[in-house]
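Protein chains in written order, with numbering that gives the first Met the number 0: chain A, 0 to 687; chain B, 0 to 687.
Errors might be hidden in some of the hints.
The list makes no distinction among identical chains, and a pair is therefore deemed to hold if it is satisfied within one copy or across any two copies.
[Unchecked claim] Here are the simulated SDA-like cross-link-like pairs (lysine to any residue), alpha carbons at most 25 Å apart as the crow flies:
| hint | residue 1 | residue 2 |
| --- | --- | --- |
| 1 | K106 | K169 |
| 2 | K422 | S637 |
| 3 | K483 | V636 |
| 4 | K522 | G638 |
| 5 | K289 | V110 |
| 6 | K231 | D386 |
| 7 | K522 | L486 |
| 8 | K69 | T484 |
Calculated directly from the structure, the hints in this document are not laboratory data.
Protein chains: 2
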Amino acid sequence: MASTLKPVLLCLLFSFVLIFRLSSSIQHPLDHLTPAEFNMVRTIVKNANPSTTTTYNLTFQYVGLDDPDKQAVYLWQSNPENIPPRRAHVVTRLNKQTHDIIIDLSKRSIVSDKVYEGSGLPILSLDEQGAATELVLAYAPFKDSVERRGLNMSDVVCSTFTIGWFGEKKSKREFKVNCFYTEGTANMFLRPIDDIKILVDLDEMRVSQYLDREITTIPKAEGTEYRLSHMKPPFGPRMNNIATVTAGGPGFTLEGNTVKWANWEFHLAFDARVGPIISLASIYDLEQHKYRRVLYRGYVSELYVPYQDPREGWYQMSFFDNGEYGFGLTAVPLEPLNDCPANAVFIDGYLANQDGLPVKTSNALCIFERHAGDIMWRHTESQLPGDIREVRPEVSLVVRMVATVGNYDYILDWELKPSGSIKSGVGLTGVLEVRPVTYTNADQIKEEAHGTLVAENTIGVYHDHFINYYLDLDIDGDANSFVKTNLVTKNNTNGKTPRKSYWTVEKETVKTELDARILLGTKPMELSLENPNKKTKVGHPVGYRLLPGFFTVPLLALDDYPQIRGAFSNYNVWVTPYNKSEKWAAGDHVDRSHGDDTLLTWTNKNRPIENKDIVLWYTMGIHHVPCQEDFPLMPTVSGGFELRPTNFFEYNPVLKVIPPEQVPWPNCTAKCVGFGGLLNLNGPVKLN
Amino acid sequence: MASTLKPVLLCLLFSFVLIFRLSSSIQHPLDHLTPAEFNMVRTIVKNANPSTTTTYNLTFQYVGLDDPDKQAVYLWQSNPENIPPRRAHVVTRLNKQTHDIIIDLSKRSIVSDKVYEGSGLPILSLDEQGAATELVLAYAPFKDSVERRGLNMSDVVCSTFTIGWFGEKKSKREFKVNCFYTEGTANMFLRPIDDIKILVDLDEMRVSQYLDREITTIPKAEGTEYRLSHMKPPFGPRMNNIATVTAGGPGFTLEGNTVKWANWEFHLAFDARVGPIISLASIYDLEQHKYRRVLYRGYVSELYVPYQDPREGWYQMSFFDNGEYGFGLTAVPLEPLNDCPANAVFIDGYLANQDGLPVKTSNALCIFERHAGDIMWRHTESQLPGDIREVRPEVSLVVRMVATVGNYDYILDWELKPSGSIKSGVGLTGVLEVRPVTYTNADQIKEEAHGTLVAENTIGVYHDHFINYYLDLDIDGDANSFVKTNLVTKNNTNGKTPRKSYWTVEKETVKTELDARILLGTKPMELSLENPNKKTKVGHPVGYRLLPGFFTVPLLALDDYPQIRGAFSNYNVWVTPYNKSEKWAAGDHVDRSHGDDTLLTWTNKNRPIENKDIVLWYTMGIHHVPCQEDFPLMPTVSGGFELRPTNFFEYNPVLKVIPPEQVPWPNCTAKCVGFGGLLNLNGPVKLN
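Bound conformation, chain A alone (with noise of 0.2 Å):
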C-alpha cells in the first residue's frame, strides 16, 4: 500500500501547489483584460453615454490592453512597487463615428475619448456579423431568389466578407454577404451560390444593396465533407496510437500569466485583433547568473490574403485577418490530443463582445513541450580512444493558437528552445475558397480562370497569404542596431596560393528606416539585431540573427488598392525606431483602410533607427496555386522563421544542458494517471 500512496501524495502535492501559486499571482502590467475588467471598462463607456438606446447605437469593436509605456513595464520589472498605470484600449462605433477610448482602470475613469478621422474602419464584432448574415436570410428578395433556385433555405447559409477600398473618397460600413448551400455537407465553403450580390450596411444594419444574377452552378456535394461521422469508405491510411508523454507534469510552471521553462521566462497574454502575444521573453545566461532580456513583444501584427480574381464578383476578395476579423475573435477551442498533444496544457481566452460583456472561448491557447525526435547537438569522437559520443535530445517550449477565419484555419506557433532560438510558425489548413464554373475538365478551359479546377465545377482561387510579425526585440537592453552582415565574393590576391576567390563578411549598421527595407533573396546576407552597448568577451556586440522562412515576393501593382493597403508585403525586413502607437503594419482601423497609415507610411519617414530601441517587422509570405490534394480540405501547409542568438552568449548556451533523467517509461502507476500529475497522459491539464 505505501508505495501506491506515495505518487498519490506526490500528484496532490504538485496540484496544490500549482493552484497555490495561481492564486497568489499578482497582476502583471501586460495582463490581458480579465473578466470582471472587460465589465467594467463596460460600465465605464456606458454611463459616459447614457444616451444610448439601442445596441447598434453603440458597439464595442475592440476592447484590449493599452500597453504601458516600455520603460514603465521595465521599472516594474526592477520593482514591483512600481505599478504602471492600468489602462484599456477600447474602440466603439458610436452613431456612425468610430471613437478610441483609453480608460484608467486603477481610476475607474476615461483618460481619453477621440473620434477617428481616418480613413479606415473598426475591426468587425462576431456579433454584428452574426446579425448580418441573420439578416440577410430573413431578407424576402432573398428567399424568393433561393426559392427560384429550387433550394431549400434550411441549408443556405450565409458568411460576411470584407469588400476593401478601391479608391472611394470615403469608404462606409459596409461588407458583402456570401451565401452557401450545405445540403448533403458540413462543407459550406465549397457550395457558394455565387450569383448573388448582398451589400449589408453596418451601422444601419440593413441591405444596401441586393442583385440577383444570372444562375451559376452550385458545386456538388459529392465528396466535400470531412466529418469523419459522414464520410463513406474506403477509409486509410490507419494511424498509429502515439502519444507524447511526460514524467513528473509539465516541465514549465505558469504563475498568472508568466511561463517558466527550462532557462526561459516569458509573459503569455492573449488579445482580440493579434491573439497570442509573448512579452518580456528573457533567457538565463548561466555565465552572468542572470536572465537575459531577448524579446520585448512579439505577436502576428497582420495577415493579408489578396485574391487574384479581378473580374465583378472577386475583385474584391482581399482579406486582412488580424485588422478586419481579429485572430483572437475567431481563435477556436483546441482539441486536445489533437490540436496540442497529450501533454499540453490549455488556457482559456476572453474578449468584449459587441455589448462589452466578457466571453469565454475555451481552450483558447495551449503549452506543450515538443519532442518531435530532433537532436539538440550531438557529436562523436572516434579518432580518441574510449567510445566518446555525447548526444542531447531537443526539447523546446510550443505556445499555440488556431484562427479560424471564415473557411481557413491558421495554426500559429511560437516556439522558444534552450538553445536560445524563438521560433514563430504558421500552419494553413482548412477550405479553399472557390469559385463555381461549369467546367468538369480541364481541357474544357479555354479563358483565364483565376485558379485550378481542383473538382468538377470548383475553382480554387489564387491567392496569397502575408502574414508580418512584430517583433521588439530588445537585445540586452533596448538601444539596438539593424545589422547587414553582407557576404561578397573576394578575389584571391596573395600571390602565394592558387585559390582564385573566397567570400568574407562587410558588416553594414543601417542608419535609418528606408535602408531597412529589404526584399530577401536578391543578396546574401545575414540579418541581426546587435546591442553596440554591449560586448562578449571576446569583443562582439551581442545579438540575434533573423533566420528567414519562406519569403515571397509581392506580385500585385504596387499602386494597386489592395496592395496600398498591404504595402506591408512590399518588403520582407522593416525596422522602425519603437513607437507605442505602430502596432499593426495595415494600421490601426484597417477594414475598407485608404493605406494612409501602414508600416510602408511610417518608414517613409525615415527615422534614425541606429543604436535606438528598435522595431523588426518581418513579412513571410506564400503564392498559393491551389491543387486537388488541397480538395475537400487542406493538408497543412507549414512555414517559419528563427530568431537565433548570434555572439550573444559567449559559447553554446545548451553544452552544459542538464539531461532527463533515462527513467524506463511509464514511471509511474495507473492510479496516478487520473491526476493529470506525475504521468500527465491522460488528456488536457488546465490552468487558468
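Given the structure of chain A, go ahead and fit chain B onto it with the hints provided.
Below, chain B without anything else, positioned relative to chain A:
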C-alpha cells in the same frame, strides 16, 4: 492472472511474427550487400589478383551494389520470378591504379575490370586514414617538432584532410595529416597544431612532404570540453523527462529491407558512399486501390564544403564528404533515446573494410514514427450548428542516419507523411574547423581574418555546405516532364472592375537540360515533375512539386578550382535524363578530381528531358558565418525540402485517415514493457 497474461501473449506473438517475417524475407534486387556477399566479393577479387602479396598493393576502396537496370527492377516487382542479375560494384586500388570492377554475385564471376583513366581518385578507406595518422605519429621529425613545442606526444592526435586540385596535370594520391593537441579535452578539433604541414602519399604510405613552420598558438583547452562527465559547473538548463510512446509496437513493418507504414511502402538500403538510400517509394491510393510510384531512388549524392581562407595551410580546405570520405563509412552508431526517440527501431549497417572484409556499424540507421504535436489538417466550422470540428494529428515516419565526418556531424532524415509528402532534412552539428590566432579580442583584428573569433585565439573559419540530393522521381511511371509554373503579374484589362492587377500562372514544360538549371529565388515559380501521360479525372497531369528549403547561391568564382569540382552548387535545381552511370553529382572518383565528370559536364550535353525517364538533382546550401554559440559544439542548424503531391491525388489523401484509437495512456501493464512489444517504451527495438 488471465488479464495480465493476455498482453504478454500478444507481445510474444508480435515478436514471433516479426522474427518469422524477417527470416522468410527474400532478397530484394536493391538490397545492400550482405556480409556473406562482401566476403564473396573479396574472395573473387583476391583470387583474380593472386600476385598480390602485401595489403597495400590491393585495397578495397568501395564495395557496394551495382544498381540493376531500372526496368529489370520494375519487371521483378511485377513478377518476383524475374530476378535481375545481382552485381557488386567494387573500386580497388591495385599497383597505383584505380579499378572499377563489376562482379556477378550469382555467377560468382567478374563481369568487367576496368582501369579508371579519369582525373579523380577513389574514396578513402578508413584503414588507410588510420595507417597514415599512425605513420605520422611515429615519424621522427614530427616527434621532434612536438618536443620542440614542449608538447606531450601522448596527447597528440592526427586526422586526415583531402587537398583537392589546383590545376596540376595529374594528381598523386596524397592527403594532408593535421594534428591536434588533446591535453585536457576531448575536443581535439578546437586545438589544432596549425604550424606543421604534413603530406602523406597513400599509395606508398609514406610522408611525402614535411614542413615545420614558425610555431603558432594552440588555443587553450579550457571551455572546449563537451562530455557531461568532464565539464564543470554551472550546469543547466535542466531538461524534463519526456518521451514519445507507441501503443501496439512500431506502427511499421520491416520485411527484409522493405518498410511498410501507413499508406507508404519503400525500400531502405545502406551504402558506404551515400549512406541511406530510399528506393521504390510508393503510396497507396485509396481510390485506385493500388500503390502508385513516386520515388524510384533518393539519396544524398554529394556534400561539398569549401572553406574561405585562401592563405597557405587553408586554401586547399574544400571537402567532398561523400566522394572523399563516404557518408556510410562515416556513419556512427546512433544512441537510443538521444539520437532517436524511445519508439525508434535500429538497424545495423555493413561495409567492406580496406581488405574487403565486412565490418558492422551498429545502429547505423533508425526508423521511428514522429509525433511532434503538429496538425495534419483541421477545420472548425463555427457558422454551422452542432460544434463542427475535425482535427487530425500529424504522424510521420522518419529514417535517420548520422555521419560524423571528422569534426562535423550531419543528421540525415528522410520523412514520409501520410499526405504523400516526402521530406528530407539535414541537421548540422559537431565542432567547427578553427584556425589558431594570437587575437584574444575582436578589437585586435586589423586584417582579414577569414572567420569569426569564437573564443580566445580561435577563428571559426567561414565556409559553406552544399548538399546535393539525387531524386529519381518516377511519378506514376518513369516517363515524366519537368514543369516550371511561373507566377506572372498581369494588368487587369477587363474594364469592369477597378482592380489594377492580378497574378496568374504560366506553365512551361522544360525541353532540355540547360533550361532546367535553376537558381532559386530569382523568379517566383513552382517546380514540379509531372507525368504527362496520366491525368486526374478533372484533367491535370499527375505530379509532385519541389518545395525548396534554404537555398544558397555559390559565392566562389565559377572558375575557381574547388568550384569547378563542386559545380553542382552552381545551380539549385538540375534535371537529367536517367542514366545509370550518373549517380554522384561531383563524379565517380572525386578525390583530387579535376571536375571533368560532374553534373555540370553531363548537363552541358543538353539532352532532351521532356516526357522521359528523368532525375531531379536538388542542391541545398548554407553559408556558415560561425558565431560564439557554435563554440565548443554547435547547436544543430537544420534545413530541408519537401516533395509534395500536386494534382497527384484526386483529393486530399488523408481526408479519410483513420485516427488513432484514443486509448488512455499507458494502456499496457508494466509487465509488458520489457518485451518491447505492446508498449514500446523501453529503448531500442532491433530488427535485423
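How the hints compare with the structure:
| no. | hint | result |
| --- | --- | --- |
| 1 | K106 - K169 | neither (37 Å within a copy, 87 Å between copies) |
| 2 | K422 - S637 | both (13 Å within a copy, 13 Å between copies) |
| 3 | K483 - V636 | between (30 Å within a copy, 20 Å between copies) |
| 4 | K522 - G638 | both (21 Å within a copy, 19 Å between copies) |
| 5 | K289 - V110 | neither (38 Å within a copy, 69 Å between copies) |
| 6 | K231 - D386 | between (56 Å within a copy, 21 Å between copies) |
| 7 | K522 - L486 | both (8 Å within a copy, 21 Å between copies) |
| 8 | K69 - T484 | neither (29 Å within a copy, 47 Å between copies) |
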